[in-house]
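Chemist: Each chain, written out:
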Amino acid sequence: MAAGLCPGRALLSRRGGALWALLGTARGRAAGPETHFGFQNVSEAERREKIYQVFENVAEKYDVMNDSMSLGIHRVWKDILVHKMNPSPGTLLVDVAGGTGDIAFRFLNYVRSVRERQLQQKLRHHQNLSWQEISKSYQEEKSNPLGDSQVVVCDINKEMLKAGKQKAQHLGYSEGLSWVLGNAEELHFDDDKFDVYTIAFGIRNVTRIDLALQEAYRVLKPGGRFLCLEFSHVSNPLLSRLYDLYSFQVIPVLGEVIAGDWKSYQYLVESIRRFPPQEELKAMIEDAGFLKVDYQNLNSGIVAIHSGFKL
Amino acid sequence: MLRGCGRGAAAVLRGAAGSRGASGQERGPEPGRPLEPSLLRFLVCPLSKRPLRYEESTNELINEELGIAYPIIDGIPNMIPEAARTTRKRPPAEGSEQP
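These protein sequences, in sequence, are chains A and B. Residue numbering for the first sequence follows my numbering, beginning at 20 and increasing consecutively. Residue numbering for the second sequence follows my numbering, beginning at 5 and increasing consecutively.
I should point out that these hints are in silico values taken from the structure, not numbers from a laboratory. On a predicted model such as this, the values are computed, not experimentally measured, just so you know. Note that the Cβ used here is the ideal one computed from N, Cα and C, for glycine as well. Be careful, since some hints might not be right.
Rough simulated footprint, nothing fancy, chain B against chain A, three-plus residues with beta-carbon under 8 Å [to be verified]:
no., segment
1, 165 to 176
2, 194 to 206
Counterexamples of contact, computed for chain B against chain A with all Cβ distances above 12 Å [stated by the list, open to error]:
no., residue
3, R57
4, E59
5, E60
6, S61
7, T62
8, N63
Make a model of the complete structure from these sequences and hints.
Modeler: Here you go:
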C-alpha cells in the first residue's frame, strides 16, 4: 500500500512538493491501483500524466481533427446535446472537460435566442404598449441578452483552455462565460450551485469516473441535470465491423497526417473501446445518486447521451 | 423553433473554421489579469470545499484554513491542488484581512 503511493508522490512533488507532504494522503486517490491507458495497463498516476500529454499535444489541432475524423458530425452531436438540455435564460451551466468551448458557445447561442424570442413574444402579446415600455424592453434585451445565464468551463488541461479562450476571443464570446482549470474528480465548486452539468467527450478520459460522478452530483442544485455526451458501443454487428475498421485503420493515420501525432489518436480509439457501454455507464450514474437516468444512442450507439437528475 | 439557434451555431462554426490560422498568437494580452467577480461565487477550495478569499495584490485565491493559494493565470484560476503554493508564512488568521 505504502509502496503503491510512492509513484504518485513522485509525480506530484514535481509540481508542489511541500503541499503534497501535507495533503497527499487526505485525498482518497493515489497512484497505486492499476488502470488502463488505451489497451495498456498503467497506474492511475501514469494514466493521468499520459492523458494530460495527449491533450497537450492535440489542443491546437483539436477542432480540425474532430472535423476530419467525424466528418463534421461531432458538431451535430454537440448541437443535439444542447437542444436536449434546452436551457432557458438564467440557467447556470458547468461544462466539465469543456476546454475548447464547443458546448459553452452553443449554450450561449441557444440561451440568447430563447431570450430574444421570449422578449419578442412579450411585445407581441401586449399590442398597445407605450413607446417607453417598448424601449425599456429593448434595453433589457440589450443589457442582459442572456438573462443572467452563465457557463463555467472547467478543464484539467491548460492547453485546451488556452485554445478555447482564444477561440472565444475570436468569435466574440465573453459575457456569461468563464474558464477554470480544475479536476473533474475533485471539483472546486460549492455544493448545489449549477442547474446543469455537462461533460462532452470528457468522462472517458477521467481516471476515476465514480469520483467525477459524485462531484457532478454534489455541485448540481436539487433538480439539476447531468448530461454526458460520450462515445459508446455500437450493437449492429455490420456497422460495428466498419466502425472498427475505420477507427483502427483510418483515425491514427489522420492523426499522423493532420496533427503529426499517431499515438494520441491510437489512444483515442483504444480508450473508446475500453469505455463502459451504455447500460454500464447508466448504472454508474445511478450509483452516484442520480435518478431518472436514461440514455439516447446517436448514430447506432457510436455516441450516446446519458442524462440523470439530482432530485 | 430552434432554427434561429441553429443558424447562430452555424455562424459560430464557420467562424471557428476561419480562425484556425491565428494560432500563431500564443500569448494572452497580460499575464496578470484579475479574476472575474462572477466566478468567485461558485469557487471553493477543491480540497476542503470551503470558500476562498481573493487576494488582489498577488492575484490568488486563498484558503486561509489550509494555508494554500491558488494562482490566477491569464484570468483563469488554477484550481489544481498540485499547482497551489503554501502560504504558511502568515498564521492562518480568521480570514478577514480584506474582502
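Chemist: Any hints from earlier that this structure breaks? Give me their numbers in increasing order, please.
Modeler: Result: no hint breaks.
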